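Just so you know, the sequences run in chain order A and B. Under numbering that gives the first Met the number 0, the very last position in the first sequence is 251; numbers go up by exactly one each time. Under numbering that gives the first Met the number 0, the very last position in the second sequence is 220; numbers go up by exactly one each time.
Hint data in this document are derived by calculation from the structure and do not stem from the laboratory. The reader is advised that the hints may include incorrect statements.
[As the list claims (entries may be wrong)] Ranges of calculated distance between the beta carbons of each label pair, as one might list FRET restraints:
{"id": "1", "chain 1": "A", "residue 1": "P71", "chain 2": "B", "residue 2": "A92", "range": "27 to 35 Å"}
{"id": "2", "chain 1": "B", "residue 1": "D162", "chain 2": "A", "residue 2": "G81", "range": "47 to 55 Å"}
{"id": "3", "chain 1": "B", "residue 1": "I176", "chain 2": "A", "residue 2": "E183", "range": "24 to 32 Å"}
{"id": "4", "chain 1": "A", "residue 1": "T87", "chain 2": "B", "residue 2": "E119", "range": "35 to 43 Å"}
{"id": "5", "chain 1": "A", "residue 1": "F104", "chain 2": "B", "residue 2": "G64", "range": "25 to 33 Å"}
{"id": "6", "chain 1": "B", "residue 1": "L73", "chain 2": "A", "residue 2": "H194", "range": "30 to 38 Å"}
{"id": "7", "chain 1": "A", "residue 1": "L108", "chain 2": "B", "residue 2": "I176", "range": "42 to 50 Å"}
{"id": "8", "chain 1": "A", "residue 1": "D155", "chain 2": "B", "residue 2": "D96", "range": "28 to 36 Å"}
{"id": "9", "chain 1": "B", "residue 1": "T6", "chain 2": "A", "residue 2": "A187", "range": "42 to 50 Å"}
{"id": "10", "chain 1": "A", "residue 1": "H194", "chain 2": "B", "residue 2": "Q211", "range": "20 to 28 Å"}
{"id": "11", "chain 1": "A", "residue 1": "G32", "chain 2": "B", "residue 2": "A212", "range": "33 to 41 Å"}
{"id": "12", "chain 1": "B", "residue 1": "Y95", "chain 2": "A", "residue 2": "H186", "range": "46 to 54 Å"}
{"id": "13", "chain 1": "B", "residue 1": "E200", "chain 2": "A", "residue 2": "L7", "range": "49 to 57 Å"}
[As the list claims (entries may be wrong)] Keeping only pairs whose Cα atoms sit at most 30 Å apart, straight-line, the calculated DSS-like set for lysine-lysine is:
{"id": "14", "chain 1": "A", "residue 1": "K191", "chain 2": "B", "residue 2": "K205"}
{"id": "15", "chain 1": "A", "residue 1": "K191", "chain 2": "A", "residue 2": "K146"}
{"id": "16", "chain 1": "A", "residue 1": "K218", "chain 2": "B", "residue 2": "K205"}
Note that the coordinates shown come from a computational prediction; the quantities given were computed from them, not determined experimentally. Glycine residues also receive a C-beta, built at the ideal position from the N, C-alpha and C atoms.
Each chain, written out:
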Amino acid sequence: MDYLINILLLAVGTALINNFILHYFVGICPFIGVSRRVDMAFGMGAAVTFVMTVAVLLSWLLTGYILQPGAPLSTWLWRTFGGDASVTVDLTILNYIVYIFVIAFAVQLVEMYVRKFFPPLYKAFGVFLPLITTNCAILFACLEIMKHVGGAQYWDIGTSLVYAVAGGAGFTLAIVIMAGIREELDHADVPKPLHGPGITLIIAGILALAFMGFTGVDKNLRAKLVKDDSGAPAAKSPQKAQKPAAPAIMEQ
Amino acid sequence: MSNGGPTAFERFINGILPENPVYRQVLGTCPTLAVTNGMRSGMTMAAAVLFVMICSNIIVSLIRGLLRPHLRILVFTLTIATFVTVADRVLAAYMYDMSRQLGPYIPLIIVNCIIICRCEVCASKQGVWRSAWDAIGQGLGFALALASICTVREVLGNGTWFDIPLGWHNADQYKWIVMILPPGAFITLGVLMGLVNWFGESRARKQARAAQAQLEPVEAR
Chain A
0 MDYLINILLL
10 AVGTALINNF
20 ILHYFVGICP
30 FIGVSRRVDM
40 AFGMGAAVTF
50 VMTVAVLLSW
60 LLTGYILQPG
70 APLSTWLWRT
80 FGGDASVTVD
90 LTILNYIVYI
100 FVIAFAVQLV
110 EMYVRKFFPP
120 LYKAFGVFLP
130 LITTNCAILF
140 ACLEIMKHVG
150 GAQYWDIGTS
160 LVYAVAGGAG
170 FTLAIVIMAG
180 IREELDHADV
190 PKPLHGPGIT
200 LIIAGILALA
210 FMGFTGVDKN
220 LRAKLVKDDS
230 GAPAAKSPQK
240 AQKPAAPAIM
250 EQ
Chain B
0 MSNGGPTAFE
10 RFINGILPEN
20 PVYRQVLGTC
30 PTLAVTNGMR
40 SGMTMAAAVL
50 FVMICSNIIV
60 SLIRGLLRPH
70 LRILVFTLTI
80 ATFVTVADRV
90 LAAYMYDMSR
100 QLGPYIPLII
110 VNCIIICRCE
120 VCASKQGVWR
130 SAWDAIGQGL
140 GFALALASIC
150 TVREVLGNGT
160 WFDIPLGWHN
170 ADQYKWIVMI
180 LPPGAFITLG
190 VLMGLVNWFG
200 ESRARKQARA
210 AQAQLEPVEA
220 R
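Generate coordinates for the entire structure from the input sequences, incorporating the hints supplied.
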């Protein structure tokens with residue numbers, strides 16, 4: 000039960016409070032570029048969610064078993080081929096390169112799979128699928144996984160997958176809201192220098208202000224859930240609540 | 000392939016203002032928004048991007064004969080990832096606090112559209128010398144854009160510049176906290192982009208008027 004509550008809170012926190020676009024500023028390029036029409040925005044969001052889930056799954060496995068210091072698979076290989084047993088095998092320096100490979104691989108995989116089994120969906124995704132390789136949001140999710148697999152707050156594979164899906168859902172939510180606003184914006188009289196990215200950014204700022212209203216939602220939710228569950232006074236949330244607004248800090 | 004197109008110096012100048020990566024091409028907005036709540040972090044980021052861009056442009060330019068069309072983006076990103084790892088390790092070793100503050104945004108340089116764009120547009124077609132100058136110009140343009148956003152956000156939000164108090168309000172008392180938080184980044188960049196466009200347009204209009212004024216006496220005759 001505790002695990003479920005933690006996962007639920009993580010999902011809410013990732014999708015709403017620490018929204019990928021409006022809080023961490025990752026994935027801004029598609030947010031500005033592909034937010035002209037709602038259906039396109041939704042397609043982009045779905046594609047990103049899809050790829051993010053696959054990439055997070057792969058990078059969790061790779062980080063846990065090969066890359067992190069003392070990982071089982073790489074240590075076993077090192078020992079098998081006569082390496083010094085007292086040495087801790089640490090491949091973290093390869094992290095970024097491996098993640099890029101994983102993302103490119105995931106994009107290719109998803110592209111082939113979708114083309115084979117869901118041709119209409121493939122047509123709907125169109126050019127967005129290859130573009131996702133260079134989407135910061137996916138790499139950001141992989142980096143978060145890296146931080147939490149080796150770090151203090153351990154995420155198991157289920158938590159990581161929930162993180163990916165919720166992050167993708169938050170991305171989709173933000174980009175679809177933005178596309179809805181921009182469709183209406185066609186009828187508005189925007190000053191000429193602000194046309195295009197300018198007004199989009201200002202609207203995104205207002206949207207981010209609105210999303211700031213979600214701060215603390217997870218804390219209250221937790222208090223409620225925990226009280227209903229055991230009748231005990233609400234425990235202080237150690238997870239995501241009251242996270243400072245500054246960019247996340249990477250534990251190395 | 001190295002003939003034609005702008006010369007090294009033109010590319011250098013182009014990067015700084017006429018084709019400024021942030022304001023004109025609207026690339027690399029993720030780090031632009033994320034690290035600009037202070038001048039110090041912004042300039043560290045700009046330096047890291049400059050370093051990565053120069054190195055990867057040179058390498059890509061050297062191997063441009065070997066590139067295959069369908070694999071080139073992957074080659075670009077892997078080259079960039081290598082240099083980003085170098086930059087990340089150097090920052091973690093010599094500027095530990097800054098490295099912690101910038102957090103995931105240093106590794107995110109890998110997918111920074113500016114660098115991939117420069118590799119694609121310039122380095123994979125031009126010689127080493129031009130590519131290097133192109134990278135320096137674009138890097139300085141990026142630094143300039145970051146500096147302008149950082150200045151607005153830090154002065155309005157914190158009342159400091161490079162962490163030096165400007166002395167026009169008490170620290171902690173009147174902070175425009177929204178400017179430091181994410182919404183301030185979006186709004187600042189949007190307004191600044193509008194201003195840059197406006198100046199550009201009014202300058203173009205003035206030039207057009209000057210050109211017309213030169214033509215008029217000819218027509219009068």
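Structure-based check of each hint:
1. A hinted range of 27 to 35 Å holds for the C-beta pair P71 (chain A) and A92 (chain B), which are about 28 Å apart.
2. Restraint check, D162 (chain B) to G81 (chain A): a C-beta distance of roughly 52 Å satisfies the suggested window 47 to 55 Å.
3. About 30 Å separates the C-beta atoms of I176 (chain B) and E183 (chain A), a value consistent with the hinted range of 24 to 32 Å.
4. Against the hinted window of 35 to 43 Å, the Cβ-Cβ separation of T87 (chain A) and E119 (chain B) comes to about 40 Å, which satisfies the hint.
5. For F104 (chain A) and G64 (chain B), the Cβ-Cβ distance of about 26 Å falls inside the hinted range of 25 to 33 Å, so the restraint holds.
6. Here the CB-CB span from L73 (chain B) to H194 (chain A) is close to 35 Å, well matched to the stated 30 to 38 Å.
7. For the pair L108 (chain A) and I176 (chain B), the beta carbons lie near 44 Å from each other, so the given range of 42 to 50 Å is met.
8. Between D155 (chain A) and D96 (chain B) the beta carbon distance is about 31 Å. The supplied range of 28 to 36 Å therefore holds.
9. At about 43 Å, the CB distance of T6 (chain B) to A187 (chain A) agrees with the hint of 42 to 50 Å.
10. Distance hint for H194 (chain A) and Q211 (chain B): a CB-CB separation of about 25 Å, consistent with the stated range 20 to 28 Å.
11. Evaluation of the 33 to 41 Å hint for G32 (chain A) and A212 (chain B) yields a pass: the beta carbon distance comes to about 40 Å.
12. At about 52 Å, the beta-carbon gap between Y95 (chain B) and H186 (chain A) stays in the expected band of 46 to 54 Å.
13. Under the hint 49 to 57 Å, the C-beta atoms of E200 (chain B) and L7 (chain A), about 50 Å apart, fit the expected range.
14. With a C-alpha separation of about 17 Å, the suggested pairing of K191 (chain A) with K205 (chain B) holds against the 30 Å cut-off.
15. Taken as a hint, the K191 (chain A) and K146 (chain A) pair is broken in the structure, with Cα atoms around 44 Å apart against an allowance of 30 Å.
16. Annotation: proposed proximity of K218 (chain A) to K205 (chain B) is violated, straight-line Cα distance about 57 Å (limit 30 Å).
Checked against the numbered hints given earlier, the structure breaks hints 15 and 16 and satisfies all the rest.
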